[in-house]
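> Start from the sequences and build out the full structure, keeping to the hints where you can.
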Amino acid sequence: MKNTFNRRSLLQGTGALALGVSAPSVLRAQTPIVKVGVLEPLTGNLAYNGTQCAAGAKFAAETINAAGGIKSMGGAKIELVIVDAQSRPEVAASAVDTLVEANVCAFTGATASALGLASSQAAAKYNLAQVFSIGTAETVVSRGLPNVFRFTPGVNKCTSIALDNLKLLNQGAGNVVKTAAIVHEDGPFGSNMAKILTEELPKQGIQIVETIPHPTPHRDFSNIALRVKASKADILIPSNYINEYTLMARALNQQRVELKAIYSILGGAASNIKFVRENNEVAQYVMDCNHWYDPTKAESKALAAKVAAAGLDLTYDVMVSYATIQVIADALERGASADRQKMIASLAASTFDKSIMPYGPTKFVNGDNTSAQPVNTQIRGDKIELVFPKQYASAEAVFPMPVKKN
Amino acid sequence: MSILIIPAILSGMMMGAVYALVALGLTLIYGVLHIINFTHGSLLMLALYVVYFLNLQLGLDPYWVIPIVLPLFFILGYCLQRGLIAPMSGGSEQNVLLITLAISLMIDNLALYFWTSNTRSVDIAYAYDTVEIFGALLPFGRVVAFVVALGVAPLVWAFMVFTRTGSAIRAVAIEKRGAELVGIDVNHTYAICFGIGTACVALAACLLLPTFYVTPQVGYTFVLVAFTTVVLGGMGSLPGALLAGLLLGIIESLCGLFLGESLGQIGIFLAFILILFFKPSGLFGKRAGA
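Taken in order, these protein sequences are the chains called V and B. Numbering of the first sequence is given in the numbering used here, commencing with residue 1 and proceeding in unit increments. Numbering of the second sequence is given in the numbering used here, commencing with residue 1 and proceeding in unit increments.
Derived by calculation from the structure, the hints in this document are not laboratory data. Backbone N, C-alpha and C define an ideal beta-carbon position, used for all residues, glycine too. Watch out, some of these pointers could steer you wrong.
[To be verified] Simulated restraints, written as ranges between beta carbons of each label pair:
1) B:L263 x V:K232: 18 to 26 Å
2) B:V147 x V:A298: 52 to 60 Å
3) B:V147 x V:E281: 50 to 58 Å
4) V:E281 x B:F258: 49 to 57 Å
[Stated by the list, open to error] A few chain B residues facing chain V, derived, Cβ under 10 Å:
5) P7
6) V122
7) A127
8) F212
9) G249
What follows is the structure, given as structure tokens:
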């Protein structure tokens, strides 16, 4: 019997086997991947907001990949590298190393200014671009770092637009609001906001009759509610975080404080659907000037449906994070490269106008998107409606709010 | 401002009752076991979550779950002392401090892992109801907490004075070796005491949730004031905890009104320093060696 297993057949067999083994990697190589970082606080005090942001980024990547990926890069799919900042600035800074090792082209994050300041500083060493989802402190863009891009508005712009919108609302209602009470947390966020309001509100003809700072955490808002009641203020402008906001709203209701409006600026709870769900009665007609998407866009509606299907809350964290991934994808599309330096150049030249946010074409000036703007929301029933500006509005603003029956 | 004084005093008394309820378990545990229980805030948080989830999943009112939560936390406290704290401490008070701190850190971080730092509160029909007393509108939930605190402190005191278990607890607190010699199971008595203290904090959670929120960090909001209450009232004194809680609530409220809310807590610590200066053993505390 002739042995057919010779050197040639061995080589042929080995070759076929090598081809078979390597085939999947060859096939994989045909679908290029571009890595984008998501640096968010998934644990710690800011875990809720960070997790929501991460979810928003995932929804955006899924949508972009389903639409064919980055076409200028051969249909490259976006692969997210999600890293936990643990709600601690030092961890946010060290997590940048993880992102660099993973070879991301840029990253988004990091919910709080303190975290973003630390991470963008660390990323500057690597020429790695950070597109801020949220980072309202003006120091985010005032440091002159070329790798920093803030897509959403900062605190100065939010306060300025909030006051402009309040003026328009008040004029439309026949200037019914003449006096205001300010309740603010006594840290930098609330104190700075109170300082700006104290300077600007009198220019609108609104007299400030009470300013009440409080610590965080604060256990009892009964006295604060009584002081607001005694001041007979027409409007209350609160600047505090979600826990204190919730207790304050309850105390105002219990002490039967009659106000023409509760008007928050970057309110801790006023644009949070959880607050609406768990405190529906006291939440009614509360207004906020905050980040929010354009609800009239088809992609916004699709996002809302996906968020609902996933059983998540539709918060502004989801929206802004979704939008920042859109901005990064657009930069990749135009630059056709995942090179970090090219990404910075591509982002700096961005004129992207198809995000879900109610912004015009993106224009970064010293890293700050000058077309970004906050909008006014109002809690109505079990929903948060966009009420101002009118071109994006999903409902008419109710200002002043109806008198409550006690 | 003067028209706000009476409402502020009454509001402070209501808040003080909550402080007293939280401090009651803490002072009981200190009085017998002579340990500063660092798990107290974490157990309060855990109890708040249990009450929250019973309301969310089963629709049970926070007040109606008291018969469920109290025994549950008594057992938890008993098992913690008998199964973890006692065997691991080896009788050393320093070890007990470290073990309770370690348990506290574990509970806090597990809560953060499983339930995230998301703020949660219950939506109940009477959440915004008020009771009018001397023209002041007081939250219904706080009034209930006040009434229960006034009732529970004497009940626990009566239990300690008039029952055999209470007598055993007092005997162990005064003279551990002597109690052992007359046949009292010291380890069991310690665990019973820890269980009662934990049940007290669970009761505080049931009464607190209708007017407050729960997060993994919520224990710290109350436990520091609770420690102050215990020292001010006299370590181990039940009537002292009640009186000190009410006093601190009023002081905090009036300081908040007159000095500003940011400085409200200064009053608490000022009163604390003054009492320690003039009566170091606290309002109802016994002098060392007395």
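> Against chain V, is A127 (chain B) within 10 Å by beta-carbon distance?
7 Å, holds
> So the hint says 52 to 60 Å: do the beta-carbon atoms of V147 (chain B) and A298 (chain V) match that?
57 Å, holds
> Taking the beta carbons of V147 (chain B) and E281 (chain V), is their distance inside 50 to 58 Å?
Because 25 Å falls outside the window, the suggested range is violated.
> Was the hint right that P7 (chain B) lines chain V, CB cutoff 10 Å?
6 Å, holds
> Double-check F212 (chain B) for me: the hint is only fine if its C-beta lies closer than 10 Å to a C-beta in chain V.
Because about 7 Å separates F212 (chain B) from the closest Cβ in chain V, which is inside the 10 Å limit, the hint holds.
> Verify the CB-CB distance for L263 (chain B) and K232 (chain V) against the hinted window 18 to 26 Å.
25 Å, holds
> Quick one, is the G249 (chain B) hint okay against chain V at 10 Å, beta carbons?
This interface hint holds because 9 Å falls under the 10 Å limit.
> Do E281 (chain V) and F258 (chain B) keep their Cβ atoms within the hinted range of 49 to 57 Å?
For E281 (chain V) and F258 (chain B) the Cβ distance comes to about 32 Å; the hint is violated.
> Under 10 Å, Cβ to Cβ, is where V122 (chain B) needs to be relative to chain V, so tell me if that hint holds or is violated.
8 Å, holds
Violated hints for the displayed structure, listed by number in ascending order: 3, 4.
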